[in-house]
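All chains should be modelled from the sequences, with the hints used to inform the complete structure.
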Amino acid sequence: AQRVTQPEKLLSVFKGAPVELKCNYSYSGSPELFWYVQYSRQRLQLLLRHISRESIKGFTADLNKGETSFHLKKPFAQEEDSAMYYCALLIYNQGGKLIFGQGTELSVKP
Amino acid sequence: DAGITQSPRYKITETGRQVTLMCHQTWSHSYMFWYRQDLGHGLRLIYYSAAADITDKGEVPDGYVVSRSKTENFPLTLESATRSQTSVYFCASSERDQVAIAPQHFGDGTRLSIL
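Protein sequence lines correspond, in order, to chains A and B. Here the first sequence is numbered in this note's numbering, starting from 1 and rising by one per residue. Here the second sequence is numbered in this note's numbering, starting from 1 and rising by one per residue.
Keep in mind the hints are simulated off the structure, nothing from the lab. Note that beta-carbon positions come from the ideal geometry of N, C-alpha and C, so glycine has one too. Check each hint, because a few of them may be wrong.
As the list claims (entries may be wrong) - Distance ranges between label pairs, derived from CB positions:
| no. | chain 1 | residue 1 | chain 2 | residue 2 | range |
| --- | --- | --- | --- | --- | --- |
| 1 | A | Glu54 | B | Gln18 | 43 to 53 Å |
| 2 | B | Tyr10 | A | Ser107 | 20 to 30 Å |
| 3 | B | Trp27 | A | Gly58 | 21 to 31 Å |
| 4 | A | Tyr92 | B | Lys70 | 24 to 34 Å |
| 5 | A | Ser55 | B | Ser80 | 43 to 53 Å |
So this is what it looks like as structure tokens:
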């Protein structure tokens with residue numbers, strides 16, 4: 001069954017510390033994975049898509065098919081990074097349906 | 001992404017009432033989706049639509065009805081609202097292209113409270 005797991009509900013770090021938000025997936029096909037971010041009272045925004053291999057706002061994520069993971073990393077957290085982060089798996093043969101993880105709330109303290 | 005608008009932004013209603021949440025997109029995307037967002041559950045898919053007049057159930061469809069008579073609109077109706085349907089509802093749209101999978105674009109959400 002397709003599934004996305006984000007094991008941490010809350011991750012609290014100090015400004016300047018490294019951040020890693022964990023995401024593991026279960027999918028028999030070739031995975032397409034995304035990270036979305038939701039700042040307080042704002043709409044969901046796409047942060048990263050693994051096929052683009054890009055770095056947005058200092059965040060990167062590498063797909064590890066062996067470990068079925070797509071962890072989101074940033075070397076130095078900023079207070080404005082505080083938000084809810086969702087990992088999502090695209091089920092391409094079902095209308096492009098996204099399956100979301102439960103989300104991880106990142107709190108960056110000064 | 002001003003191309004998706006949801007209305008209303010906030011709604012309070014009573015148990016047993018019928019409620020319709022509206023979603024309109026201006027991109028002519030083929031695919032549209034309704035998600036609900038709840039603490040501890042993240043986002044869960046309610047219904048989705050691959051094109052006008054084509055809809056299908058997601059993870060949590062019970063108690064909801066959708067229609068898609070026009071490509072740009074995808075209303076979600078709670079036929080007889082229950083307190084368990086208190087949530088934030090997000091509409092999304094997407095379009096496949098030949099080069100890459102287009103990620104979904106989300107609306108601002110509708111915060112629905114059922115008393």
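Against the structure, test the hints numbered earlier, and report the numbers of the ones violated in rising order.
none
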